[in-house]
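Asker: Sequence:
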Amino acid sequence: MRKRIAATVAAMAAAFALAAPTAASAEESSVTEMPGVEGLYWVSGKDYGARAWSECGSGSCFFQNSNGGGWLWVVPSCGHHKVPSWFEDRASSAWNRTPTRIHIYKHSDYSGYLGTVPGWFQGNLASGHNDVMSAVFADC
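Under mature numbering (1 follows the signal peptide of the UniProt record, and there is no 0), residues -26 to -1, 1 to 114 are what the sequence shown spells out, in order.
No lab work stands behind these hints, which were simulated from the structure alone. Using N, Cα and C, we set each Cβ at its ideal position, and we do this for glycine too.
DEER-style ranges, computed between Cβ atoms:
(1) Gly86 to Val5: 26 to 34 Å
(2) Glu2 to His54: 35 to 43 Å
(3) Lys20 to Tyr87: 36 to 44 Å
(4) Lys20 to Tyr84: 37 to 45 Å
(5) Pro92 to Glu62: 20 to 28 Å
(6) Gly31 to Pro92: 12 to 20 Å
(7) Gly86 to Gly19: 32 to 40 Å
Below, in silico cross-link-like pairs of lysine to aspartate or glutamate (EDC-like), each with a Cα-Cα straight-line distance of 20 Å or less:
(8) Lys56 to Asp83
(9) Lys80 to Glu62
(10) Lys80 to Asp105
(11) Lys20 to Glu7
(12) Lys56 to Asp105
(13) Lys80 to Asp113
(14) Lys56 to Asp113
(15) Lys56 to Glu7
(16) Lys80 to Asp63
(17) Lys20 to Glu2
(18) Lys56 to Glu12
With the hints as constraints, model all of the structure from the sequences given.
Answerer: Written as structure tokens, this is what we have:
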């Protein structure tokens, strides 16, 4: 009888272990595209900063958090672009993986020039540019 109880307890423990998420899977990084908003993604999980940098691809990207992570917005192409409303006034870091300069603006009508993110730049925005960007112009 004791052997049967022990075997049943062991089987139940194994079943619960298989059903419960592992610590590693619960903390894996994930990237979720914002429905209906081109180029806007939510990056989360244990290694979200590193994952956000790697999701930038070969273009120009802005990130909600310092050192990457949180919301990620990929600049769609050269020219003028208003920042998606979900990301407006949230940029804290950038990675410009192109030789093209990205000019950033405080207002969505391209006024309130804040400065330039040079080609090949990766890092945090200047403190005066943190969480105030509403539009960009990417040189071609």
